[in-house]
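Q: Here are the chains, one letter per residue:
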Amino acid sequence: MASIHFDKVSKVYGDGTLAVQELDLEIAEGEFVVLVGPSGCGKTTALRMVAGLEEISDGEIRIGDRVVNDLAPRERDVAMVFQSYALYPHMSVRQNIAFGLRMRKVTKADQHRRVEEIAKILGLTEHLDRRPAQLSGGQRQRVAMGRAIVREPRAFLMDEPLSNLDAKLRVQMRAEIARIQRRLKVTTLYVTHDQVEAMTMADRVAVMRRGILQQTDAPQRVYESPANLFVASFVGSPPMNLLEARLERSPSGLLCRLGRSELEVGLRPELERFVGRTIGLGVRPEHVREVNGDDGDRRLQGEVLLVEALGAELLVHVAVNAQPLLVEDVLEGAGDDEAALPTAATTEGETTILARFDAESRIREGDRVELAFDARRLHFFDLETGRSIRPIGAPVPAGVAG
Amino acid sequence: MRIRRRTLGRIGTNLLALLVFAVMLFPIYWMVSTAFKPGRDTLAYTPQWFPRHPTLSNFHDAIHRAYFWSDVKNSLIIVGTVVLLSLALAFLAALALAKFNFYGRKAFIVLIIGVQMVPLNALVIPLYLLLSRAHQVNKLSGVIVIYLVFVLPFTVWTLRGFMLGVPRELEEAAMVDGTTRFGAFVRVLLPLVAPGLVATSIFAFIQAWNEFLVAYVFLQSSDKQTLTVWLAKFTTLRGTEWGPLMAGATLTALPVVAFFLLVQKRVAFGLTAGAVRG
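Quick note, the sequences are listed as chains A and B, same order. Using the numbering used here, read the first sequence as starting at 1 and increasing by one per residue. Using the numbering used here, read the second sequence as starting at 403 and increasing by one per residue.
With the rest of the complex left out, here is chain B (with noise of 0.2 Å):
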């Protein structure tokens, strides 16, 4: 009886989980079955779950679409530039807050928590007269600041929490065997926060690939825009050209997954375990 009720018990969470699963899904496959369907199947009065006439003529017209290379290399610029910074930015933040004492830490730490509750969308239009002013609209630089300054706290409060992780001894260790303070951060604390610096950096790709308003109000011309600024114009006065539109989005898409899967294997947790006892 007991039994019973503990296999109706997990069989009941699992189709919970599967119906959970289908709907983050859904849109997902949606969005790849319409870049695949010829226009007049896209709209349809009755839904086609399979494309019946499979073409990649949407993704040959987006591709093709003024401006999508150039957005492109400028989307990888941006988000290839923010992740970067912002690990190197974010590491040394991270180590100062970690590992050194000094006056205002705390004060810091809670800034730091405070700043990510202000809504970007609330600051759009101060930054936008603070960048004007700074010669930076319409110009990636000026995405580029924007975008750190917003990735930052996240990725700083995140890698200070693997660094408290490894347990000084580590660094103490290494410094009596023979390296610089900062030999130390480098060769043994690095190392054991790699998957710290992996997660920080998936958040910061996501963000800065994904990020939309910002993008549009500060490039203006178009071979300064985003991809997902140029996602936009699919859809005009004259209507929304689905099945390229769909191909677009599939298309942006892929660079995300693909870091992702590339960078995913070293998201391994617990590579402390066995410094000290354990």
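Extracted from the complex, chain A is given alone in its bound form (with noise of 0.2 Å):
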């Protein structure tokens, strides 16, 4: 087992294409880190660049104390599982696993122990004979699991293993990696496009976009407090809402105009410097409630265009009177989740905002709902930079980028 560092790790391709820029990044002994971000943002560069089927352009990567840049695969000591699990076809389930160790001259005895030991922690040991082809996706995928374990290496790289799963198994088995790599506490790296595997698995979560690391941190602190507005958009499904308001003073404060609404935002110190500006204001969807009597003026008025009923909750489109942010890093971040997309608003100058709703709610289709957001939940953004704005005093977020 061994920690993982990128240091200032740059990938160009012949063709001029910067893959990833100066990547930082440290995983350390035993963590569980997930690399994740829209396809083609350089995640998958990154974790090829460590098991060494990539050529690191700049920078370093160092796995333990040892810079592995010039070594060739074999000599990493990593293992790695693959999107497309890649089993070797000509071979049964038990050569497969055994592979690995075969090449590291490990004796037949040790052999033998070590993949009847694995086959019967992924639930294989009566497939062991058979051969990749007479498996089903979810039995491929634990052979693939089991080939990369066995070796007991110094690190797993995973490159969106899951994805090629159908959606309950896919459910089962991110639960049953996250099991194994709790129980063994191997250093995992782990690439996928997928932010709910980003967010039920990790540790850490490390966003990635067009090459460039967004923000390192626990999941739970990404989902929160996001650094950027790719960063917001991407994670959370549904997506956080994004509208774009104007920063006004008010009696109490300041507010927030949004198309004809007005939302109070109390006293924030760190938006004084925004005043008579556009800003984005993001809000979650579960941060979004139908108003009741102390909300005063923190209100805003829609019409239900679709309500979809999840059973324990129901997800409510909203029209209301806002422009919402068509800026370039919400697109992108949106971009994958279609499953989680707002439907579009039909008026101009209209916006949708999804809304998590108690499933005892009546509220249906048609109806003139009022709205009114979470004030402490809000979340503001620098349209200029697309960074975050923290409250003063806050802890800044590690590994932020532009």
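Hints may be right or wrong, so weigh each one.
[Said to hold, decoys possible] Incomplete in silico selection of chain B near chain A, CB under 7 Å:
(1) Ser534
(2) Met577
(3) Asp579
(4) Gly580
(5) Val590
(6) Leu592
(7) Pro593
For the record, the hints were derived by calculation from the structure and aren't laboratory data. Even for Gly, the Cβ is constructed at its ideal location relative to N, Cα and C.
Each chain sits in its own coordinate frame; assemble them with the hints.
A: Okay, here's the thing in structure tokens:
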């Protein structure tokens, strides 16, 4: 077991494409770090550089204390699980799992013992003599895992290992991989474009975009205080509501003007320098609720476009009079998550807000509603830099990029 | 009504297939049956469909003809060398073309196809001049080189196709698992392109075994010739000895058939199934 260090690592392809740019990241011993980002953000390239399957253009990667830049893959002692599993089709499951041991000249008896042991953990014992072609998708996935685990490597590298499974199996394997990782305590770098996987499995999440690391933090921290607009729109399903707001002074402090509505935000020293300017306002769907008596002026009127009953809760699409935030950061961040995109509002100057309501709510399509936002849970973004505007004195999250 | 038309259609295609089968098979049948007929029956005015008085005398005759065994040996040496060398060279060449990116790769691939367009007959004289300067005329090695040159484009091309079908992740997985790059080729790629190796070796075998023109021109002394050239000697100024010729032809055809039967089981396509999600 060993830590993995990226030290200003860059990757430039032959045609000039900059896939990874000055990546600084440390994965501590035994830690589970998930690299997440939309497709083409450089996360897989970063992983392949650790494995030695991709040359490092600049910077340094260390596994433990060893600089591995010029080492062949086999000398790095890492194990990799591929998106396509990459099982050797001409070998049985047993031979597949034992392959790495055989290459490392482990004795026959030891090979046998360890393969049996791993097969037991993964529930593959009765399939050991089959060929990969005779297995189901989930079983193949397990074999791929087994092949990695059996070697007891210094680190696991996983490249979207679950993306070829169907939804139900994915949830199951997600838990299983997390469980195995905790049990073996092997340093793991896991790549995915699925932010739910990232949130549920990781000790720490590293969000990448266009080759640049955006934010590294515990999943909950990334969710609660995204460093910038991209992270805000990328992390979370359904995604954060992002609106354009004009900041103005009000008797009780500051207010955000959203289309025809006004939203009191109270005293916020960190927002002072944005008075008179347009900023980004973000609120998570679970922090949007129906107005009650205490809300005073913090309300937004709208019309319910769609109610999606998810069983435990309702996902309500509400058209309100406000400008949606259509900057590139947001569009790119939301791009992959088609499952939870808000329905398009029909009229000009309207935007759709997603809200999570209690399943007991009687709300129906076509209803007029008044929405209130939880003022403490609002996120503000500087539209020039895309960065989150943090309360003064709040800790700045690690690994922030512009 | 509809079903009947479909049945009729199926009977029609089957009849056509049988016809093609018969046309293809008849010469072979005629060769084999003639080989067993005594001399007076081979040229009878009313054709004999079955050898009425089967005899092995033609085979006896053929085998004891001068240079039969030495020419069998020559053929086997030439073909064996060509098959083995072409497999080794084609595997490495196809590897380079399928798995490495190098300057001029595309041009090379086009060249490989282009070379196959040139008819062998047109090259016999230039090749003769070339090889005689290298003192390779009337030597098995000269013929081996020529056969190799003519077999390689096809074998390289075919093997490259097989290799492109093997996902790159398999080699990468092997490399991460502890092999060298070349080790990954040998341990993972080689077994997976085995059907391709079999297919190309059959091709090379047939090409080299059946070739006549080059062998006839380049191998002059009787003890250096191949079986196909040996067969031609049954036709003399005084006519053709059909019985022994057909016996010799049957014997010549046997190794090809035997080789094919030996390796055809390994032509199992779809061996890569299950490597990745399928």
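Q: So, for every hint listed, does it hold in this structure?
A: Do the hints match the structure? See the list:
1. Among the interface hints, the one on Ser534 (chain B) is violated; its C-beta lies about 47 Å from the nearest C-beta in chain A, farther than the 7 Å criterion.
2. Hint on Met577 (chain B) holds. Least Cβ distance to chain A is approximately 4 Å, under the 7 Å limit.
3. With a cut of 7 Å, the hint placing Asp579 (chain B) at the interface with chain A holds, because the nearest CB-to-CB distance is about 4 Å.
4. The restraint placing Gly580 (chain B) at the interface with chain A holds, with a minimum CB-CB distance near 3 Å, inside the 7 Å limit.
5. Because the closest C-beta pair between Val590 (chain B) and chain A is about 6 Å apart, less than 7 Å, the hint holds.
6. The beta carbon of Leu592 (chain B) is not positioned within 7 Å of any beta carbon in chain A (closest approach about 10 Å), and the interface hint is therefore violated.
7. With its C-beta approaching chain A no nearer than about 5 Å, Pro593 (chain B) sits inside the 7 Å limit, and its interface hint holds.
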